[in-house]
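Construct all of the structure, not just a fragment, from the sequences and the given hints.
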Amino acid sequence: MKLLLTAILVATVFGLSARTLNSPKPYVDSSFIYIYRVGQFAGAGANWSIFVDEQKICKLSNNKFIKMPAKPGKHVISAKIGGVGMFKKETDVEIEVEPGGSNYVACNIKSSITRARLEMIEVTKSSANKQMEKMTLDNCQESIDQGK
Numbered sequence: 001m002k003l004l005l006t007a008i009l010v011a012t013v014f015g016l017s018a019r020t021l022n023s024p025k026p027y028v029d030s031s032f033i034y035i036y037r038v039g040q041f042a043g044a045g046a047n048w049s050i051f052v053d054e055q056k057i058c059k060l061s062n063n064k065f066i067k068m069p070a071k072p073g074k075h076v077i078s079a080k081i082g083g084v085g086m087f088k089k090e091t092d093v094e095i096e097v098e099p100g101g102s103n104y105v106a107c108n109i110k111s112s113i114t115r116a117r118l119e120m121i122e123v124t125k126s127s128a129n130k131q132m133e134k135m136t137l138d139n140c141q142e143s144i145d146q147g148k
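Taken in order, the sequence shown gives residues 1 to 148; the numbers are from this note's numbering.
By construction, these hints were calculated from the structure, which means they are not laboratory data.
Possibly wrong hints are sitting among the right ones.
Stated by the list, open to error - Ranges of calculated distance between the beta carbons of each label pair, as one might list FRET restraints:
(1) Q141 x I113: 20 to 26 Å
(2) Q146 x I113: 37 to 43 Å
(3) S111 x S30: 33 to 39 Å
Stated by the list, open to error - Subject to a maximum C-alpha distance of 16 Å in a straight line, what follows is the list of computed EDC-like cross-link-like pairs (lysine to aspartate or glutamate):
(4) K67 x D145
(5) K74 x E94
(6) K110 x D92
(7) K74 x E142
(8) K71 x D53
(9) K74 x D92
(10) K56 x E142
(11) K71 x E98
(12) K80 x E54
(13) K125 x E54
(14) K80 x D53
(15) K59 x E142
(16) K125 x E96
(17) K71 x D145
(18) K74 x E96
(19) K134 x E119
(20) K59 x D145
(21) K71 x E94
(22) K125 x D92
(23) K59 x E98
(24) K56 x D145
(25) K125 x E98
Note that the Cβ used here is the ideal one computed from N, Cα and C, for glycine as well.
Printed below as a string of structure tokens:
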């Protein structure tokens with residue numbers, strides 16, 4: 001009986017320690033990319049699809065921002081507007097994400113007679129904080145937080 005209890009205890013201890021060793025460690029150096037769209041009257045109704053490394057993240061609304069977790073390294077952020085492809089141009093910016101850091105990308109609509117495009121510029125934290133102080137999270141932030 002003692003031998004059986006000892007065997008069960010040893011198996012339980014080794015089983016728990018093996019599970020602990022194999023479990024993934026949480027990423028300690030959390031890095032984020034903040035992408036925001038400055039409120040502008042021109043093109044206010046258009047929602048631009050935002051892509052990070054060619055994966056669609058969100059349709060960013062006017063005067064809103066999103067906060068996206070990112071791994072350190074280079075990332076390409078691009079934007080497209082829906083509709084007919086005529087005169088449509090994709091715009092993008094490449095950023096370098098540092099471990100534990102935050103990067104900020106400002107989006108402004110630039111329009112001409114034939115087309116409109118979303119100009120994307122990486123900005124400093126202080127510039128972003130001034131522009132983002134009255135903004136709210138975009139409605140799509142919930143799906144970003146859930147990893148969808």
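Hint check:
Between Q141 and I113 the C-beta distance comes to about 35 Å, which lies outside the given range of 20 to 26 Å. Our hint of 37 to 43 Å for Q146 and I113 holds, since their Cβ atoms are close to 41 Å apart. Range check, S111 to S30: Cβ separation about 36 Å, and the 33 to 39 Å hint holds. A C-alpha spacing of about 9 Å is found between K67 and D145, which places the hinted pair at or below 16 Å, so the restraint holds.
Taking the CA atoms of K74 and E94, the gap is about 7 Å. The hint holds against a cut of 16 Å. Restraint check for K110 and D92: satisfied, since their Cα atoms lie roughly 13 Å apart, inside the 16 Å limit. For a cut-off of 16 Å, the pair hint linking K74 to E142 is broken: about 25 Å separates their Cα positions. For the proposed pair K71 and D53, the alpha carbon gap of about 12 Å is at most 16 Å, so the pair holds.
For the hint pairing K74 with D92, the CA-to-CA distance comes to about 13 Å; that is within 16 Å, so the pair holds. Pair hint K56 plus E142 holds up; C-alpha atoms about 14 Å apart against a cutoff of 16 Å. Of the supplied pair hints, the one linking K71 and E98 holds, its CA atoms being roughly 8 Å apart against a limit of 16 Å. Proximity of K80 to E54 is assessed by CA-CA distance (about 11 Å); at most 16 Å being required, the pair is judged to hold.
Taking the CA atoms of K125 and E54, the gap is about 25 Å. The hint is violated against a cut of 16 Å. Between K80 and D53, the direct Cα distance comes to roughly 13 Å. Compliance with the 16 Å bound is thereby established for this hinted pair. Annotation: proposed proximity of K59 to E142 holds, straight-line Cα distance about 13 Å (limit 16 Å). A C-alpha spacing of about 14 Å is found between K125 and E96, which places the hinted pair at or below 16 Å, so the restraint holds.
Proximity of K71 to D145 is assessed by CA-CA distance (about 15 Å); at most 16 Å being required, the pair is judged to hold. With a CA separation close to 4 Å, the supplied pair K74 and E96 stays within the 16 Å bound. Restraint check for K134 and E119: the C-alpha separation of about 21 Å exceeds 16 Å, so the hint is violated. Restraint check: the Cα-Cα separation between K59 and D145 comes to about 15 Å, which is no more than 16 Å; the hinted pair holds.
At most 16 Å may separate the alpha-carbon atoms for a hinted pair to count; K71 and E94 meet this at roughly 14 Å. The hinted pair formed by K125 and D92 fails the criterion: a straight-line CA distance of about 20 Å is larger than 16 Å. About 25 Å separates the Cα atoms of K59 and E98, which puts this hinted pair outside 16 Å; it is violated. With a CA separation close to 14 Å, the supplied pair K56 and D145 stays within the 16 Å bound.
The straight-line distance between the Cα atoms of K125 and E98 is roughly 14 Å, inside the 16 Å bound, and the hint therefore holds.
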